[in-house]
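Here's the letter readout for the chains.
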Amino acid sequence: MIELVKLTKEYPGAGVPAVDDLSLRVEDGETIALLGPSGCGKSSTLNMIAGLERPTSGDVRVDGRSILDVAIEKRGVGLVFQDYAVFSSMTVRRNLAFGLEVRHAPKERVREAIAKTAKLLGLEAKLDVKASRLGGSELQRVAIGRTLVAEPSLLLLDEPLSNLEAEARLAMRQELRRLRQELGLTIVYVTHDQVEALSLADRVAIMHCGRLIETEKTSVVVERPQTVLVAQFLGAPPMNVLSGFFHEISGRLALRQGGADFFLPPGRLPAEVKLGGGRHYFCGARPEDLHLTSPEKALFSGAAAGLERRGGDSVLDVVSGAVELKVVVAPSTNLDLGSPVHLTVDREQIHLFDSSGRRLPNQLTAA
Amino acid sequence: MPARPLQLWQGLLLALMLAATLFPVFWLTMTAVKPPIDWNASPAVWIPKEPTLINFQTLFDPDAIRAYGVGGVSQAATKAVFGSLLASIVSTAVSVGLGLISAIGLSRYSTPGRATPLVILSGRMFPPAAIAVPFVIIFSLTNLMDTYTGLIAVYIAVTLPFSTWMLKSFVDELPREIEEAAMLDGKSRLRAHFTVTVPLIKGGLFATTMLVFILNWSEYMFAQVLSNTRLATIPVQLVKYVTATAGTLYGVQAALAVAAMAPLIAGGFFIQSHLARGLTFGAIKK
Amino acid sequence: MTSALQPDADLTPADPAPDGRKPQNPATEDPTAEDPTTEDPAGASLTAQGPASEADLRPAAPPSVASRPPKAQRKPRVQGRFFTVPGQIVSLVVLIMPLLVALYMSFTDWSPTRSSLRDAAFTGLDNYKELLVYDDRFVEAVLRTLFLAVTSLSLEFVLGLTLAVLFLRTFRGKRFLFSAFLTPMMVLPVVVGYTFWMLFQANGPINQILHLIGLAGVEWLKSSNLAFAAVVVTEVWHWTPLFFLILLSGLNSVPENPVRAAVILGASPRQVFWKVVFPMLRPVVAVAFVVRAMEVVKIFDEVFLLTRGGPGSSTETVSLYIYKLAFNDFQLAYGAAAAFLTLTGSLIMVHLLLTPVRDQLMENGR
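Protein chains in written order, with my numbering: chain A, 1 to 367; chain B, 1 to 286; chain C, 1 to 366.
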């Protein structure tokens, strides 16, 4: 088990910390994805775990003991870089052997380890090829293999797939899943790609501006985002989030944002939610959960402002005043620009957040 | 990973190497300000007690040194200084100018093969004594011996491949779109090159000019074999001082050497960032 | 590669101004006017710079024949060809012509004291044969130059690498020291030769320092071996900064992640340097060696002022020998042959030095 305790990293000259008060627990055998836009402190966090950088404050603990003063090579941590960082002047075999050879491991053991790792990663045929002649996904295998040979107790992957072509990425994703299962590795995985994070990790830790804003089981994080930031980050396109105050118009609840009203489906707001101006809330609905409907059933009406065809479906922009909603619609949908659109959504698909952006413990309930 | 500080022994090693690097320059400079009595003293004088500028004065007024009871300086270095300036400046200007045009042509319009750098290298590899031989013959036939025109022509010839190749490496780094954008604004291609491309490689142009100047200013052998009485450059004059007096005019010789060296050290300082590129024909970019 | 320096048949007749005067600069003409050279296939073979590089660059017909580009694209090409013309004319007149003359000369028995070049007897490869088979002084000069190259380049490499590695650390005044360490390269070779001649005098400072540490002073420039050592020291002083500069620039552009990966895998700093960093430096090292090796072959000024090749011929390099042949003994034809042999040797040497790293070098150059 590895624990990050109030980990903070400030670089001299930078106004804000790169990593700010980050606490996280990773259980043995667990895969956790650090997800966030680039420059949000993910890589710094990995570097601190690996020992390449020293935290300004906070601690990294393995099984309860601090490893801050443990030398890099003794931490039992393996790190795979985004650019693979394979030793290009060496053959695949030398690359795989590197971690053992520099520690003067017995030859027999090196040979066994190479054979085993090469088999695991399907590199047997390439063992005597110079690394500079390999392609992207092969380099990735070598980089992972080189790390696995040293038998790390924790594997750190820094954007391991982002330099790969789409097809290779898909294959590698499967490969990583298989490795994880076969070897029972503990993995901390950094990515800016939510699909990658969601498909590989047991839990997702979402970072924003150096802070950890949410850690949640992968299965839960999309369905019940705990913060507006996460809601607006996950999904393609991400959740529509409106901000404003709730009020009642002839018995119907509505959220007013910038002069436009978004009516809620029939139901009751949690008791702690107050109506009226000055009380600020966020209200969200996923583009997949909004549906086209008839004018009389509409909760929100606006004009079609754009249609993006994506193959399997299309994304429709609906605008009314200051409110713009994205809606996932059937690929066959054909709308002229400016034609009226009427939308509805189920009560269960409404997400309510308080003024600080936290998910309200109670959501919209049946009236 | 953050760079680590020097350890003590490393600091000492660095200091030792620095001392070795600067010592010859120091010695030369000290000799240049030594009065004649310290010139060839045994044991050698490191720092003169009474430093003097008489040696520099003697360069322009050969009789000045007689006040110290030293004779034998028969010739002022004035002519050599002007000769060096004339030959270096004119040949550098022409070489860089032609080089610039060729560089743009090569970079933008033709696709030189992999071997081109080697071809340029081989031009720089030819022993200068061997290039000097045909020049002497041709110049004898055309009355160009002992003229600045002849010397300048040689300097242009030997530095042109260098300036072309170096400038090309700078032009290569600019995206073609820059000129194309200017052409869309209605400029002709030719004008686009000179109003857009050239200003963008200012730094490189300056560095190339400086390096070519250094090459020309430092050149000795061609000037030596092509000169007789009319033509003079600083290196030729320096060797004359050394050979004419069996090297006994230490102070005056050193003064000329310092005068020749000072502008290059100063100029070299400004082009440090381009030195590696210049000295490796663009193989190393920074 | 050797073909690059052989006479190119259609180059010679194109010579417009054999008197060596500065040719007219066609760039001042109206660029829209049809320039006859631009339509001339012979003109097309002149696109490259430098000594007779055309053969390598344009083995095929001019591009307009191979695949005729659309008219809009053709014009800039034509104009571009015209851009390189002034440089080519200058190179042709003042570099290639003399070289061709010298090449022709090297196959004759010409001597300026006897007859004009036109009347000289063609002796084929006699000069070359003489040099390689009978001229011990030439062969010795070649071997001496090689030995000088090996010793001074290895010392320069070791010292330059040491210095560059020291410069990876942090210390005060780094910027200033960087400039200071580059100073020797800026000094004129004649000045370097003269300065070290002073330093190596029997009553000079080097002997003084030797006395200080309890060693006896020596007559540096009067014994063969010591004079050679003096030449090596001078060369090393003058050009170690080049190795330093090149290697430091190479070290600074080594990517960080392979180094980090090696550290995480447990490599010691020494292992990181020799197993990971150094292999990435190989092309840079090769470039440094090539550039320096070429300069050693050409070395003249420093040695001329320091020892004049003496005592005896103990410090006589190829370049000095050629100079003496041509300008002391007036054996111009023979000297030219020696020069072409040297050039051929240098080209082979450069080729061998670059072969193992050519791919790596081309990748970096892009």
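There's no promise every hint is true.
Unchecked claim - Each pair of labels, with its calculated beta carbon distance range:
| id | chain 1 | residue 1 | chain 2 | residue 2 | range |
| --- | --- | --- | --- | --- | --- |
| 1 | B | Phe206 | C | Pro311 | 28 to 36 Å |
| 2 | A | Ser162 | B | Val198 | 34 to 42 Å |
| 3 | C | Val158 | B | Arg191 | 49 to 57 Å |
| 4 | C | Gly345 | B | Val198 | 52 to 60 Å |
| 5 | B | Ser140 | C | Tyr134 | 24 to 32 Å |
| 6 | C | Val158 | A | Gln181 | 49 to 57 Å |
| 7 | B | Thr52 | C | Gly310 | 27 to 35 Å |
| 8 | C | Tyr134 | B | Val198 | 37 to 45 Å |
| 9 | B | Ile178 | C | Leu353 | 31 to 39 Å |
To be verified - In the DSS-like style, the derived pairs of lysine-lysine whose C-alpha atoms are separated by at most 30 Å in a straight line are:
| id | chain 1 | residue 1 | chain 2 | residue 2 |
| --- | --- | --- | --- | --- |
| 10 | A | Lys119 | C | Lys275 |
| 11 | A | Lys74 | C | Lys222 |
| 12 | B | Lys240 | C | Lys275 |
| 13 | C | Lys275 | A | Lys116 |
| 14 | C | Lys275 | A | Lys130 |
| 15 | A | Lys119 | A | Lys107 |
| 16 | A | Lys126 | C | Lys275 |
As the list claims (entries may be wrong) - Chain C residues, not near chain A, derived (Cβ > 10 Å throughout):
| id | residue |
| --- | --- |
| 17 | Leu103 |
| 18 | Asp119 |
| 19 | Thr151 |
| 20 | Asn257 |
| 21 | Ser268 |
| 22 | Phe273 |
| 23 | Asp329 |
Simulated from the structure, these hints should not be mistaken for laboratory data. Ideal Cβ placement from N, Cα and C applies to all residues, glycine included.
Checked hints:
no.: 1; hint: Phe206/B / Pro311/C: 28 to 36 Å; result: violated, 45 Å
no.: 2; hint: Ser162/A / Val198/B: 34 to 42 Å; result: holds, 40 Å
no.: 3; hint: Val158/C / Arg191/B: 49 to 57 Å; result: holds, 52 Å
no.: 4; hint: Gly345/C / Val198/B: 52 to 60 Å; result: violated, 40 Å
no.: 5; hint: Ser140/B / Tyr134/C: 24 to 32 Å; result: holds, 30 Å
no.: 6; hint: Val158/C / Gln181/A: 49 to 57 Å; result: holds, 52 Å
no.: 7; hint: Thr52/B / Gly310/C: 27 to 35 Å; result: holds, 34 Å
no.: 8; hint: Tyr134/C / Val198/B: 37 to 45 Å; result: violated, 55 Å
no.: 9; hint: Ile178/B / Leu353/C: 31 to 39 Å; result: holds, 37 Å
no.: 10; hint: Lys119/A / Lys275/C; result: holds, 25 Å
no.: 11; hint: Lys74/A / Lys222/C; result: violated, 60 Å
no.: 12; hint: Lys240/B / Lys275/C; result: violated, 52 Å
no.: 13; hint: Lys275/C / Lys116/A; result: holds, 24 Å
no.: 14; hint: Lys275/C / Lys130/A; result: holds, 15 Å
no.: 15; hint: Lys119/A / Lys107/A; result: holds, 18 Å
no.: 16; hint: Lys126/A / Lys275/C; result: holds, 21 Å
no.: 17; hint: Leu103; result: holds, 41 Å
no.: 18; hint: Asp119; result: holds, 59 Å
no.: 19; hint: Thr151; result: holds, 28 Å
no.: 20; hint: Asn257; result: violated, 3 Å
no.: 21; hint: Ser268; result: violated, 7 Å
no.: 22; hint: Phe273; result: holds, 12 Å
no.: 23; hint: Asp329; result: holds, 50 Å
In terms of the numbered hints stated before, the structure departs from hints 1, 4, 8, 11, 12, 20 and 21, listed from lowest to highest.
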